[in-house]
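We have chain V already, so just place chain S on it with the hints.
Residues per chain, in single letters:
Number of protein chains: 2
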Amino acid sequence: MYAIDTTHDPERTSWVETANASDTDFPIQNLPFGRFRTAGSADALQIGVAIGDQILDLRTAGLIFTDDMNALMAAPTVERRALRRKLSDGLSAGSSQQAAWEKALVPQSACELGVPCRIGDYTDFYVGIHHATAVGKLFRPDNPLLPNYKWVPIGYHGRASSIVPHGTSIRRPKGQTAGAKQPGFGPSQRLDLELELGFLVGKGNALGTSVAITEAEEHLFGVTLFNDWSARDIQAWEYQPLGPFLAKNFGSTISPWIVTMEALAPFRAPFAHPASDPQPLPYLDAAANREQGSLDIQLEVLLQTAAMREAGLAPVTISRSNAAQASYWTPAQLIAHHTVNGCNLQPGDLLGSGTLSGPAREQAGSLLEATLGGKEPLVLPNGERRTFLQDGDTLSLSGYCERPGARRIGFGPCAGTILPSV
Amino acid sequence: MYAIDTTHDPERTSWVETANASDTDFPIQNLPFGRFRTAGSADALQIGVAIGDQILDLRTAGLIFTDDMNALMAAPTVERRALRRKLSDGLSAGSSQQAAWEKALVPQSACELGVPCRIGDYTDFYVGIHHATAVGKLFRPDNPLLPNYKWVPIGYHGRASSIVPHGTSIRRPKGQTAGAKQPGFGPSQRLDLELELGFLVGKGNALGTSVAITEAEEHLFGVTLFNDWSARDIQAWEYQPLGPFLAKNFGSTISPWIVTMEALAPFRAPFAHPASDPQPLPYLDAAANREQGSLDIQLEVLLQTAAMREAGLAPVTISRSNAAQASYWTPAQLIAHHTVNGCNLQPGDLLGSGTLSGPAREQAGSLLEATLGGKEPLVLPNGERRTFLQDGDTLSLSGYCERPGARRIGFGPCAGTILPSV
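Protein chains in written order, with the working numbering: chain V, 257 to 678; chain S, 257 to 678.
Heads up, a few of these hints could be off.
All copies of an identical chain are treated as equivalent in the list; a pair is satisfied when it fits inside any one copy or across any two copies.
The calculated lysine-lysine pairs, modelled on DSBU-like cross-linking and capped at a C-alpha distance of 35 Å, are [what the hints assert, rightly or not]:
hint, residue 1, residue 2
1, Lys406, Lys437
2, Lys406, Lys393
3, Lys406, Lys631
4, Lys459, Lys359
Quick caveat, the hints were computed from the structure, so don't treat them as lab data.
If we strip away everything but chain V, and leave its shape as in the complex, we get (with noise of 0.2 Å):
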C-alpha cells in the first residue's frame, strides 16, 4: 500500500491555473503519466504528466532522459516516488522551478494521445461478481456463479495489438453467429460495451517466480479505464470451449493517462467479503489487503447516438458504479494469482479488471445486463431506443475518486465512436 504525504495534501496549489478548477480531473494532486504527440504529426510519442488542461513534457522538463515508458514503469518504487515529489513541489504554486517548466507546457488541446505504454501482454480477469452473477443468470437462473469463482481470480488471455487509445472509432466486427442449420455471418447485431479498470504492470517478475501478495503493489504502476468492446452474438457461438476470441480482439479503448498507484493512495478501501464467503487460499490473502487492497473509484458510462449529437444534445449516463463495490478481488490479488504458477509479467503488461458492474440494473457494466439479454431496451432521453450498440454511438467511460479530505482526481476520457461493417 502507498502512504498518504505531503503530494495528497488537499490545500496544495499548482502555478498551471487550470489545474486549481474544481472540476479538472488533473489537479496537482493526481499527476498521470501517458504519451503524446503534437495532434496530425508523426513524431514518436513523448512522456508526459497531465496537469490541468496541459500536458509537462517530461524530457524537455528535464526530469528524465528516455522516451520509453515502459522503462520508466519498471523503475524502483522508491525512484518513482521520488519522481512525483519532484512533479508535485515543482508544480505547486509558487515553485521556483515555473520560469524553467512553463516552457515545458504543452496544451492538452494541442495534442493525440497514444496508447500510454507498450502492452507487451494484456491479460482480462473477472472480478466483478454482480456482472459474474448477471451475466450466469442469463445462461443458468438457478446456478448463476460457477463452483471456483469465490476461489479463483477467474481471467483469461486478450489481445494486445488491438488495444487502442481514447478517440479510436471502432469498426462493427463481422463474424460466425449461432443458426439454426448453419451458422450466420455478418456484422454483429449484439455489439456491446465492458466497463473496466486497467491495472498496469510496473516492476516484472522472472519466470518460474512468483510475487507475494504482501510484495504485490510493488509491481503495480497504475490503474486507467478500460472499454473491452464486446460482440455477444459472436461470443456465445465461438466461446466453447476455450473462451472469448473474435468477440473481444476487434479493438479495446484504453485511457492514455495511467493514474498512479501513489495517486490513488488516499481512495482505497477494504476488501469485504461477506463471512459466508470462504476464506482466500493463503496466497491469496494478507492483512494490508484485506484492510485497503480495494480502490474506492467511481465509474460512468456515457452514451452519445448519432441523433443526439446531431441535435447538439449532451451524452447521457446510462450507468454509474464503484470499483470496490463491484470487484469480488483486489488488483493485489490479480497479481499474486497470475505469478503463482511462475508466469513472467513484465513491465507495461495490461490486467483487465472484468466488467464492474454494481449490483443494480443502472450499475450495469454493460448493456447485455442493462438490457437483460436485449430484452428491455435503454430509453434514452430523446426518446431513442438501445439494445446494444448502433453505428455512429460514441461510448464513453468516465472515473474519478473523491472523499472526504482529499482532492478529487479523474481518470481523463476514454471514448469510441462505433463504424460500421465494410
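Quick look at chain S alone, frame taken from chain V:
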C-alpha cells in the same frame, strides 16, 4: 501457395559438407531462419540460416542489414523469395560465394539459439480434431465434439512472455486444483505436453481489415515446432467459463528454426473433409486451399526420463503423428478466421495449431490422450511408467517432411526438461 523451383531440386548439394548428409534436418533445400548468439555470451541475437551443422550469419555474409527478424519477416513475399534464391545459389556446391561466405559460418554447437523472433501476440488454435474428440470424450462420452467445431476454427489467446526457446527448463507450476470441501493447492500432479506446430506471421494487416483466404498465405512466414506445456489439474479447475489460463502460461517451448513456407512448398497436401462434414463458410473456403492447403509434416514426441539419462538410454519415441492428418483446419483458414472481425496480425505473431494427435492412441499429442486421462500409464523400455510428466523428464518434439522426389527437411530440436516446483 508456393511454387516449387530450383531451390527445391533434390539433386542440389552444398559446399557445406554436413548439409549433404542424408539425415541432416538442414540440407540446402531447407534454409530455415533463426536467431543465435555465441553460447554463454550476452551478445544481441543475430539472424542466421541453418545449413548442415553450421549457421550462416546473414549480416556478416552481407545479405541483410538488420538484426530485426520481425522486419525481415514483414518483407514482401517477392523479397523473401529473392533472399531464398540468393541463399540457395550461394550455398550450392561450386558457388563463387564460398570463399566469402565461409567466413560467415558459425558452428551450431558453439551457439545458443533464441526465440526466433519477437512474438507480439500468441494465439493458440484447436485444429486437431482427433485431439478435440479424444479430450471431449473424457468429459462428454456421448457428444465429444461441440456443435461449433466443424464451423469455427476454435482459438484463444495465449501468453507471449513465457514462450521460451528449445533447451529451456520448465519449472513445474503450482496452483489451485479441484477439491472436495475446498480447492487443493500445490505443485501440479498432471503436467503434460502438447504437440503443436507454430505458424509465424509475416506481413501484417491493419486493424479493421480482413485477410481473404486467397491472400492468407502471403501473411505466413513459416513454421516451427511448439510445445504448449499444460497442467491438466489446474486447467480442469480454472477453465470455466473463460478458458485455460495458469494451466498454460507458465511456459511454452518454441523450436529455434523457422522453416519457411517456401521450403515447405513440396510438402503440401489437400484439405479434405469427409463429404458428410459441412462445407466451410465462404470466407474459409478457396480452391487452392482445398487442393493444397495442408502441410504434410511428420511429427514425433520423445521422452527421456532422469533414470534413462543416468543409465545412458536414448530418448524413446512415445508418439508419431502427421500434421495434415491431424488437422481439421489449414494455416490459411486460421489467418482468414483470425482477421475476419478486423483483428490485426503483426509480423512475428505466433499462431499455435493446437495439439496434433492422430486418430490412434499411439498418435496422441498429449499424455492426457495417450494415458486415457491418466488411467493407463505408458510403460517405457526400462520398465518405468508414466501417466504425466515427472521432475527430470526431458520431452522433445521432432518434425520433418519427406516425400518421393523431394529432399527430406527437418525442424531441428525442441526440448525441455521439467524442474521441480520451488
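So, going through the hints one by one against the coordinates:
no.: 1; hint: Lys406 with Lys437; result: between (38 Å within a copy, 13 Å between copies)
no.: 2; hint: Lys406 with Lys393; result: both (16 Å within a copy, 29 Å between copies)
no.: 3; hint: Lys406 with Lys631; result: both (29 Å within a copy, 30 Å between copies)
no.: 4; hint: Lys459 with Lys359; result: within (31 Å within a copy, 42 Å between copies)
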